[in-house]
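**Q** As a plain string of letters, each chain reads:
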Amino acid sequence: MTQILNLTINGTSQDIPIDDPRATLLDVLRERIGLTGTKKGCDRGQCGACTVLIDGRRINSCLALALSYDGAEITTVEGLAQGELLHPVQAAFIEADGFQCGYCTPGQIMSAVALIAEGEAGLDPERVREGMSGNLCRCAAYAGITEAVLKATRAMNREDAA
Amino acid sequence: MADVMNIQGHVRLGSNAGQSMTRRDGVLKVTGRATYAADNRPEGVLHAVTATAGIARGRVTHLDTAAAEAHPGVVKVYTPANRPDLAVSPDEKIHGFAWRTEALQDDTVRYAGQPIALVVAETLEAATEGSHLLAPRYDADTPRIGLDGGVPFQPETISIGRPPSLEVGDIDAARTGAARHFETVIETPAQYHNALEPHAITAQWTGDRLEIDTPNQAIGLAKQSFAAYLGVNPAHILIRSPFLGGGFGSKAILFGAQLLVALAAKDLDRPIKLALRRDQMYGPVGHRPATRQTLKLDVDTRGHIAALEHHTIAVASSFDDFIENASNASHSVYATTALRTTHAGIRADTGTPGPMRAPGEATGSAALEVAIDDAAYALGFDPLEFRLRNYAETDPATGMQFSSKALRECYAQAAEAFGWQDRPLEPGSMKQGRLLKGWGMGTAQFPCPMFQAAAHATLRADGSAVVETSAADMGQGAWTSLAQIAADGLGIDIDRLEFRSGQSNLPDAGVAGGSGHTATAGTALFNAGADTIRQLAELALNDPASPLFGADNAGVTARGGRLYRNDDDTRSEAYEDILARAGLDLLRGEGKGAREGEPERAMFSHGGVFAEVLVDPDLGQVRVSRLIGAFAAGRIVNPHLARSQLLGGMIWGIGFALQEEAIHDVRTGRFTNADLAGYHIPVNADVPMIEALTVHEDDPFVNSLGIKGVGELGVTGTVGAIANAVWHATGIRPKRFPIHPESLI
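Protein chains in written order, with my numbering: chain A, 1 to 162; chain B, 1 to 745.
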């Protein structure tokens, strides 16, 4: 039986017919509505490649049963840039070379956006590294990732102050 | 014809190469718009899931295909009973880079996790459930697992077609004259590449034409392989591989499920997509095998190595012959009077090993660096002094001179940055709070191979250009660094260059592996540009209307989209003007990249790596607190990206030294940790302070561009540096990797 799932994804409310109740949020995003920016690395909540924000909180979308998120607001990597204007975290990842192959990058970036919003790490590199450790990077771009998060934090602090 | 650019000998590149530039694919990657294979959703696509064997050796006696096919959404189940024919058996090695693979050719199981059926369904959920419903039954044999559970054999070749042993000088005579003898035995575990992107394929037929989206490190070779196994004209196959979510060696080789998806897509006349589950990557797509290595070192009274032996026993599969060439890592690092290396194999019920980032070198270097450190301490030498004392001025394995070797400078710069001069000789001398602190070092070395590559360059009427080569960017930054080289070959700004790559209908750029891709494909691109400019110059020099007319003997130089007379810099002409007067819309050149003839020099990249660790004396927990390497690798095309590559390699060294290990249950032959929760790779918090310095090095011999390679170098040296730092903290020499906490308390 097809059920209708309502999600507000990157600011747009959508009714999504769900043909299979077993579908994870990740597979709904990727296979049902074509938002393939969010990646599947392990499908077990172990790598963080599928990180999206649900109501502002970062989660592993591979562990989220889609139908249990009816009515939720979801932000994916496709929802960060405003047209051609990159989000400060996206810009900082390019500048600091916070990625190589790019596969874990959408998850890293979503995680970083939430980490900065959580305000727990601030400009302490040790806490940034800890807060980003749920997102594996096999290319091991960790030095660049940490630098990118710190850069973006500073940039966003400046924006807030302005 | 004018000699526009002498591309023999050392070439001074122009304004693009050598500059730090951010990645050209950066925006695509940070916005989620970079399309990896599994991101493709062709109209009407079906989803495939492989069912895999739960035993390591034996036969599949029953699969409940009826139950699977009865599940809503399941379209078809393929087993050995109904699998469409292949033109060539997947057990046939069709070329030197082909591995025997499983594509449902029979009911045999040769390792746990081997594909035993393919379930195709309308949705991923249905295919997954269908694969579970197959509930296989087996006729199981006792599995042969690990270094001590398998069957020894003597391989004819190791790695890919290399001789298994080497003997230089008279080992016995050299040993007799030496004062001290040291012996080190070290084990390394099976490791898995674990690229973050699982291996995936989307296949779609249109008549007899096949389009494939799959991440691949050697697209040209992959096209040949698909064509041969499927019995399809290679010209009818198009492979797209614009982005690879990491490869590390595991995406260079074809695996059976890729063939099955192509067969099923033809059979069902629908596009089909398959992505391996994480646990399915622990078997059919290669790994770094377990080794047991024995090093024998004989040193004279002045601290010079007289005899060096390195013997490796490596696990191989029961059905193919890849042997990790770990002993070869001792061939060219330290000077010795006599050298002997050997390899032996153990056949076990595991997937066939293959190249994994620094194959052989990482494994062998780990053991060699520990052995060297052991000897240095016993003889009362500082580890760096001992290494300098045994600095190889010529290659011990071949007697040849090195093409370039700035290793001394690497040692010096990294040691200086690290603060090595204050290091006490005795282990257990330093503390930080209640933690034991240790400093260790290792030498990094990696060869500089070149493969075969071809490229095209086309100058357009507006003076911009497009270059084409089927290079693979798996994160190393090929799209950026190769574009920088190509722009210099054409003498234009990189912003005027369109770089086309990542699909099989372009000139073959060879394999992205062996740290040879930038050198090989880069040379092809540079030569294609130079060939184009040569033709352009010919047009201008023969045209009386050109300001360049008559410059024949002096020649011209290309830069910034103009040709300049070498004898008069004020006389120049823009590319577009030369083309316009000649009535040409396009001008096309071709180039090849390869090493010509037998090398007359030994060619390696080098580095010195220094590590600091903190060890908890009660828990045995090891943290790498500082890691600093300095590397010399010829011309660095893009320092920004090369640094990332080197850091990535060094962090792989942390994983090798302290974390990575696939654990077999020896009773069942199944892995106990085939996922990213159980198989530990470094996370961000494991990497506190790390730096990679690059040391200037001009190499006029390695290739015309002076490029070596940085992809694998950082792994070597680092593992030993960390192990030696652990010893320096604790006084305990690791006997196996990864170093377990319980071995330190």
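It is worth saying that the hints were derived from the structure and are not from the lab. Here the structure is a predicted model, which means the values were calculated and not measured. Cβ atoms here follow ideal geometry from the backbone N, Cα and C, with glycine treated the same way. Please note that a few of the clues may not be correct.
[Claimed, not checked] Among chain B residues calculated to face chain A with C-beta under 8 Å, some are:
(1) Pro84
(2) Gln476
(3) Pro682
[Said to hold, decoys possible] Negatives, chain B to chain A, calculated, CB over 10 Å:
(4) Thr35
(5) Ala67
(6) Leu166
(7) Glu187
(8) Lys296
(9) Glu498
(10) Ala580
(11) Ala677
(12) Ser743
**Q** With reference to the structure, classify each hint as holding or not holding.
**A** Do the hints match the structure? See the list:
1. Pro84: Not OK, violated: B:Pro84 not within 8 Å of chain A, min 26 Å.
2. Gln476: holds (7 Å)
3. Pro682: holds (6 Å)
4. Thr35: violated (7 Å)
5. Ala67: holds (17 Å)
6. Leu166: Label holds. Min Cβ-Cβ 33 Å, cutoff 10 Å.
7. Glu187: The assertion about B:Glu187 holds, with a minimum of 24 Å to chain A.
8. Lys296: Non-interface label on B:Lys296 holds, nearest chain A Cβ at 34 Å vs cutoff 10 Å.
9. Glu498: B:Glu498 clear of chain A: closest Cβ-Cβ about 19 Å, beyond 10 Å.
10. Ala580: holds (33 Å)
11. Ala677: violated (5 Å)
12. Ser743: Non-interface label on B:Ser743 holds, nearest chain A Cβ at 25 Å vs cutoff 10 Å.
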